[in-house]
Structures are given as C-alpha cells and as structure tokens.
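Enquirer: Chain by chain, the residues:
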Amino acid sequence: MSASVLFDAPGPKAKVRNRIYSVVGTAAVLGLIVWVVLRLNEKGEFEGALWDIFNYSGIRENIFEALLATLKAFALAAVLSLVFAVVLCVGRLSDHRVVRWASVIFIDLFRSIPLLITIFALWVGVVGDMTPFWALVLGLSIYNGCVQAEVLRAGVNAVPKGQREAAYALGMSKTQVTAGILFPQAVRSMLPTIISQLVVTLKDTSLGYIILYPELLYSARLIANNTPVNGTYPFVQTVVVVGAIYIALCMALSSLATWIEKRGRRAKTGIVVAAAAEPAETPGVLDAATPLGPTVAAEPAKPAGPGGPEDGPGRPDSGPSGSVGKSD
Amino acid sequence: MNVLTDNLSLFREGFIGTVELTVVSGIIALVLGVIIAAFRVSPVPPLRVFGTVWVNVLRNTPLTLLFLVAFFILPKILFPDMDSFVLGVVALGFYTSSFIAEALRSGINTVPMGQAEAARAIGMSFTQVMRVVVLPQATRAVVAPMGSIFIALTKNSAIAGSFDNVDLFNVAKTLSNDGYDIAMIFLWITVAYLVITYAINGAFRLLEHRMEVAR
Chain A
14 MSASVLFDAP GPKAKVRNRI YSVVGTAAVL GLIVWVVLRL NEKGEFEGAL
64 WDIFNYSGIR ENIFEALLAT LKAFALAAVL SLVFAVVLCV GRLSDHRVVR
114 WASVIFIDLF RSIPLLITIF ALWVGVVGDM TPFWALVLGL SIYNGCVQAE
164 VLRAGVNAVP KGQREAAYAL GMSKTQVTAG ILFPQAVRSM LPTIISQLVV
214 TLKDTSLGYI ILYPELLYSA RLIANNTPVN GTYPFVQTVV VVGAIYIALC
264 MALSSLATWI EKRGRRAKTG IVVAAAAEPA ETPGVLDAAT PLGPTVAAEP
314 AKPAGPGGPE DGPGRPDSGP SGSVGKSD
Chain B
6 MNVLTDNLSL FREGFIGTVE LTVVSGIIAL VLGVIIAAFR VSPVPPLRVF
56 GTVWVNVLRN TPLTLLFLVA FFILPKILFP DMDSFVLGVV ALGFYTSSFI
106 AEALRSGINT VPMGQAEAAR AIGMSFTQVM RVVVLPQATR AVVAPMGSIF
156 IALTKNSAIA GSFDNVDLFN VAKTLSNDGY DIAMIFLWIT VAYLVITYAI
206 NGAFRLLEHR MEVAR
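Protein chains in written order, with our numbering: chain A, 14 to 341; chain B, 6 to 220.
Calculated directly from the structure, the hints in this document are not laboratory data.
No residue lacks a Cβ here, since even glycine has one placed at the ideal position from N, Cα and C.
Some clues are possibly wrong.
[Claimed, not checked] Per the computed footprint, the stretches of chain A lying under chain B, defined by three or more beta-carbons under 8 angstroms from a beta-carbon of chain B, are: (1) 20-28; (2) 34-42; (3) 107-117; (4) 153-166; (5) 208-217; (6) 260-269.
Same shape as in the complex, but just chain B (with noise of 0.2 angstroms):
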C-alpha cells in the first residue's frame, strides 16, 4: 500500500504524463490519418502510392526503432536541440497515423457502391455525396476501430517512458530503482492503465451508441 501513498505526486506526474503522450500523439495521429487515408483513395496515383508507402513502412515497423529514429537521427539530421517529449509524440503519432489511415479507409469502403450511384444518379454534388451519404456511414464504421487505436496508443506510451519522458512506465523504473516491491509498482501502474484505457473505452461506447442507426 505504501508505494502508492509514499509517492503519490510521482504516480500522478506519471499518470498525467501518460495521458499528455497519449492525447497529443492522438491528435498528430488523427491529422496524419486522415492526410494518409485522404491521399490513399485519392484519384492522383502518386499521392495514392505515397500513402500506400507510408502504411505499409510504418505498420511493419517496430515502435522501438520509430523511436531510434527519432531521438537519435531526427536530431541530428533535421532539428536539433528538440524536446524528449516532442520527439516521442512525434514517434507515437507517426506510427499510430498508418492505422488511423487503414481504419478510415476500410470504413469507406464498407459503403456500399449503390449508395454513392445513387447519390449521383438522383443529381448530388460531390460535397452532397460525400456529407450526406458517403461518410455518415463510413463514420459509424470506423468509431469502433479508433477506440480500439487510441488503447493501443495508450499502451505503447509506454515505450516513450524508456526515452527520457516522465510516465507511469517511468515511474515504475523510477520507483523499481528506490527499492520498491515490483509487484505492489506493478499493480498501482496497472491499475492507472485500467483506467485509461477504460475511460477511453467509455468514451467510444458513448459515441457508437450515440451514431447508431436501425438500418
């Protein structure tokens, strides 16, 4: 019990840094998603080879070695002197993006062919396709894979705590080192985890539910 009590301020440091990773990297991931998925269903082939590039590098890439990469060839060649935090975000949020980019494309396409002929055939604009029937739908399809995204984002914050930023991963390094019982760290850390990712979890709940249609 004492580890948690003894340092409470280091685990809410830890915790409030997790989440920090987790919604700024979310966010770089999100824009990056849908620039990636945009240029993927694009009717410009480079762009559609670009994306399909950038997917395909980055899902079979280990995390580990997006974040090398950053902390120790992103400085050294394009921008010096940046921030740990900074770098991590930008490692998580790169990786995280290809499957952003994957999840909105495959709920494009789970909308059916007709809808869209349809569309077009009762005299829709392009934008009235694309607001009115296009993705509405697609939306709906790509809410449960995002939650399930964001956990995996949550999960491989982690990995930022073992390169120089403050998180709970950190804080059970940190507190490994003063001596602690592993297994107490280990289920305070876990327990903060829990929560997270069962907020974010709620929160994808609440907005599928809220989306659902009868169709």
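The shape of chain A in the complex, shown without the other chains (with noise of 0.2 angstroms):
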C-alpha cells in the first residue's frame, strides 16, 4: 500500500491495524450478502422453476425484443441529440444577438426541466398526438441535445484563441473556421464527456417504462406479471436479468469513454481530452458564467502531456479542465 493524501506508508503498528480492519471488513460484506441470500432462500426466489422461465423461447424472445426497442430508442435519440446539439451549439456561439439569447434560454430552460416531465407532455400531447416510442426519443434527444450542445460549446471554448485568429488570418470564411478548425478540435476533446453523457442518454431510455413504450424495463414487469410459476412472480428472476443486460450495456459504453479519455492523454495531437465525468446539471437562464463541467474543473491534477495546461506560455488556459465554459 502506497502512501497517497490521506495516509503515510503504513508502518508495523498500521499494518497489523489494516489486517484488522480487513478482517473485520470482508467479513461485514460477506455478513451482507449472506444475509440477503438466506432471506432470498428462504422466500423461495432461488427454486429452479422459477428461473427456467428463462429457458422458454418466448420469453427469450421477448427479452430480445425489449433489447432490440431500448436500443432503437437509444439509437435514434443519440444520433438525434448530436444534431440537435451541434444546431444549439451553433446558435449559441453565433454573432446574432437574438439566435445565441434563443439557443440559451432554450438550452437553460430544458435543461432544468426533469426529462420526465418533457416526455410526459409530449406523451400526452402537448404538440399533437405522439406515440410512446417518438414522445420517449424527441425528450431524450430535446434533453441531451442541450446538455451535449453545452459541452460542445466547452470544447470550442477550450480551443485556443491563436487557432481561431490564425484561420480568420489566412482569409476562412466563419463557416470554415467553425466547421474546419474549431468542431474537429471540440469534438475531439470532449469526445469521452458526450460518450458519457451518451451513457446517460441510454439509462434514461428506461423512463419509457412510465409512458408505457415496450422498453426492457416495461417487458420485465409484464414478463413477471404473466408468467406466474407456482403462484409466485418472478420479479427477482426478471430484474436480475434485465438489470445485468443494462449494467452491461452502460459499462461497455463507459468503458469506451474511459479508454478514449486514456489514449487522448496519450496522443501527441496538442488536444487535451476532457475527463469521462458526466457533465454537471446547473441551471442557469442567461447566466453565461455559469461553469459547465465542475466536475471536470475538479478532476485530479492533469498529467503534464503535450498540450497539457503547463504547456509553456501562449496557452495560458488550454485545458478544459480551466477554461470549460467561463470564457464568453
């Protein structure tokens, strides 16, 4: 055990201390988890019957179904959400006065609202007939987009200003400069915050449990309702699957952001690479100051790398982890 912060290297004292406390530990986890597991038992959720249910192929096929529509969902919202975001983001940096005060308040204002309640309305038809499926994707892409168009705005922000001066210099037109020189850059550095925040997009698919869209967490319940063994339901034995196949999903892609976030520190391209941390929620009509990502702000002190803050004069504040959202 190395030292860190908190604690010096352990002497002998210390040592025999932790062998203590670990004892003590692994025993009160396993206490734990023994407990739960007796009171499992002793309700009968572990009988085999109970969880043959899932070697019926309808029941396979319904899981798979309920797979195949939460991915729908959170296919179309993402590739949804990145438009709209790069719209937000668009109007948000523009020159016009009117369009970047629009981008903001709609950004601000949808961005505070519970993702529940947008669904909810347009579910229930606050712009026409909806079907649960479109009510669920045009929430989740209206919700994201704005979080994901805040982060590309950080990621903009945190290109440094000679980039933009030089191609204004050499005669690029705006659309260049944005399209050209500064969306690359940000996408680039903020690539592990949008798969994070991509990861929240595809938990939130489960809110189509409350508007009733056949979703993973919808075919559970009714897979538990329906097939009852013995007079029991096997509500355990369906959230147990259903849980693991969503764990799964949200690491993988967690992973992913984890391991971009590792190699862009690595690269010698002069990006520095956002932390994997979902971007922070604040609030904020017209507040620009407000800062996006605290807890990208707060992340452990970055490796000095090419590129990195203590990169040398010129580029005073390069990194996300200063710049995120305060310059404007």
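Hints in hand, dock the two standalone chains.
Expert: Written out as structure tokens, the structure is:
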C-alpha cells in the first residue's frame, strides 16, 4: 500500500491494524451478502422453476425484442441529440444576439426541467398526438441535445484562441473556421464527456417504462406479471436478468469513454482531452458564466503531457479543466 | 391561468412533496456517499472493493430499475409493508450516493500530494493533517459538483412521482387526467421546478463564495 494524500505508508502497527480492519470488513461485507442470500432463499427465490422461465423461447424472444426496442430508442435519440447539439451550439456561439439568446433560453430551460416531465408532456400531446416511442425519443433528444450542446461549447471554448485568429488571418470564412477548425478539435477533446452523456441517454431510455413504451423494464414487468410459477411472480428473476443487461450495456459504453480519455492523453495532437465525467447540471438562464463542468474541473491534476496546461506561454488555459464554459 | 388558481392546494402539495423527496433522499445520499467515499479511499482492500462495486453498479443502473427493485422486490423479500415515500427515498438516496461518493473522492484527489507530505514532515498527526490541510481544500473542490448532484436529484425525484408519491410530476399526471390543457400544466410545473433548482443553485453559489480563498 503506497502512501496517499490521506495516509502515510503504513508502519508495522498500522499494517496490523489494517489487517484487522480487512478481516472485519470482509466479514461485514460477506455477512451482508449472506443475509440477503438467506432472505432470498427463505422466500424461495432460488427455486429452479422460477429461473427456468428463461429457457422458454417465448420469454427469450420477449427480452430480445425489448432489448431491440431499447436500443432502437437509444440509437435514434443519440443521433438526434447530437444533431440538436450541433444546431444549438452553433446558435449559442452565433454573432447574432437574438439567435444566441434564443439558444441560451432553450438550452437552460430544457436542462432544468426533469426529463420525465418533458417526455410525459410530449406523450400526452403538448404538440399533437405522439406515440410513446416518439415521445421518448424526442424528449431524450431535446434534453440530451441541450446538455451535449453545452459540452460542445465547452470544447469549442477550450480551443486556443490563436487557432481561430490564425484561421481568420488566413482569410477563412466564419463557416470554414467553425466547421474546419473549431468543431473537429472540440469534438475530439470532449469525446469522453460526450460518450458519458450517451450513457445517461441509454439509462434514461428506461423512462419509457412510465409512458408504457415496451422497452426492457416494461417488458420485464410484463413477463413477471404474466408468468406466475406455482403462484409466485418471478420479479426478482426478471429484474436480475434485465438489470444485468442494462449494467453490461452502460459499463461497456462507459469504459469506451474512459479508454478514449486515456488514449487521448497519450496522443501527441496537442488537444487536451476532457475527463470521462458526466457534465454537471447547472441551471442558469442567461447566466453565461455558469461553469459547465465542475466535475471536469474537479479532476485530479492533468498530466503535463503535450498540450497540457503547463505547456508554456501562449496557451495559458488551453485545458478544458481551466477554461470550460468561462470564456464568453 | 386557471389551472394554477383552480388547483392551488394540489400544486402546493406537489411542490412540498418534491421538496420533501429531495431533502430526505439528499440526506440519505449524503450519509451513504460519505461512508462509501471513505471506504473507497481507505487502506482496507475489501472495503475499497465494496466501495468500487457499489459506485460502478449504481452509477450504471437506470434509476427506474432501482425504483422497480425498491417497489417490487424490497417489500417482498426484506422489509414488508413499507410506505411508498420511504421506498422512493431509498431508491433515490442509494442512486445519488454513488455520485456523491465519486464527487468526494475526486475532491480528495485534487489535494496535491506535497501538501500532505509537508504536513506530515512538520509533525502533524493524522487528525491534524485531515482537519487543517486536506479536508478544507477538498471541501472547496467538492462544493460545485455537489450542487449539481442535488439539482440532478431534484429532477430525478420526478420518477418517484410515478411510483405512488405525491410530487410535482404526480400533480401533472392528475391534472392531465382531469382534462386540463397539458401546455399550461407543463408551464406551471416547470416554474415550480425552476424555483427549487434555482434555490439549490443559489445556496451552493453562496457556499462556494463564502469558502473561496485566494490560492
């Protein structure tokens, strides 16, 4: 055990004490697990017949279809939210005050309303009749589009000012500068954060349960309700299976974000990659100084790699850790 | 306009419900989060593993799934006959605790190693190092993320409203079933949420401002 901020490298006494804590801790954790398992066993949740339902091809098909429904909503919402994000981000950075303010109000408003309320309002019909699928997809796209727009903006603002100035000096047009210089670097530096927000999108597809869209959770409940085994409804079993699917999907996506973050730190492109943290939630209509990513800012000191904050004069705050959302 | 004036007491009930859900689950999340964060930075390997698993599993689970566990499994297996408020608050609190634990841990990580080393070198005891050097700095780094976690918690509490709790979402649902125009309901519910989230945001801004020091 090496030293950390909190404690020094342990001496002989501390080693003994840590060993005692380890034994006690292991016992406590194991005790908790054993207690839960015993309770489950007492209620007969481990009976083979209850778990056997997953051998029926009908139930497997149900789960598979539900998984597809979840993934379909996620894929569409992901694409639409990114499209929304680009539009809103361009509007947010526009030179025209009206466009800028409209984007700011839209972004801040929909970021501070609970996503469930947006989805519910769309489903009930705030803008005409809508199937649960489209209410879910549109709600997810609007909400996540707003969050992703702020992420993109943080990325654009993290591009060193000299790049933009140099591009304008070369005679590039505004569109060329935005599309050719700023956005590629913004996307690259914010990719881990963007993917982390996609994980949130994936998790939030489960809100479809509440508006009766037949995604994984809803189907899990249907299966549990419709397949009683000897008078017991297999809730525990279906939730365990569906939960495992969700956790596996989300963890796969999260680890992709972490991998890209690590890879980006190694790369010698001079673009500082943001942490794979979820962007923070901050309301603040017309409050441009609101930092987007305190979670980003709270990251441990970035390694002083190429393009890092310590990269010398001329790039005083090139890292997203310093300049996120603070430069307008 | 008359959606609000006709149902003022219902709106008040929903507003108070959302605030109650947020406050109680916030306290649970804070207590659990501190414990789990302590586990994660402790020199005791089994506790560290427990903390890591806790954070990774809860952060990657949809909150709705946790609500399903709380409402359909918890009463059946462990604690029968629990109030829907308690169940909702437990689900929200457990979910949020993983985010709080992560925020606390990264706050501690912002304290440079040299600070603790210097403190130890001048002979400070463990409690002194914690109280005088590490925790004050870590707290400052943690305030802002905490604020956004509590705002997220407020918004997540809407899910509890769809599981038999009286809160703003529940009010929206009730009024929509009563046949009021969803656009007006949506407007007023939004205003109510904005009030809560801005209050939290303001409080944390104030806190941040109070604790600010020149570094």
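Enquirer: It remains to establish, for every hint, whether it holds in the given structure.
Expert: Hints, one by one, checked against the model:
1. With 4 residues having a beta carbon nearer than 8 angstroms to a beta carbon of chain B, the segment 20-28 of chain A meets the requirement of three or more and the stated coverage holds.
2. With 5 residues having a beta carbon nearer than 8 angstroms to a beta carbon of chain B, the segment 34-42 of chain A meets the requirement of three or more and the stated coverage holds.
3. With a cut-off of 8 angstroms between beta carbons, the segment 107-117 of chain A has 0 residues touching chain B; three or more are needed, and the interface restraint is violated.
4. For the segment 153-166 of chain A, the assignment as covered by chain B is violated, since 0 residues bring a beta-carbon within under 8 angstroms of that chain's beta-carbons and 3 are needed.
5. A stretch counts as covered by a chain when three or more of its residues have a beta carbon under 8 angstroms from one of that chain; for the segment 208-217 of chain A and chain B the count is 3, and the coverage holds.
6. Counting residues of the segment 260-269 of chain A whose CB lies closer than 8 angstroms to any CB of chain B gives 4, so the stated coverage by that chain holds, three being the minimum.
Checked against the numbered hints above, the structure breaks hints 3 and 4 and satisfies the rest.
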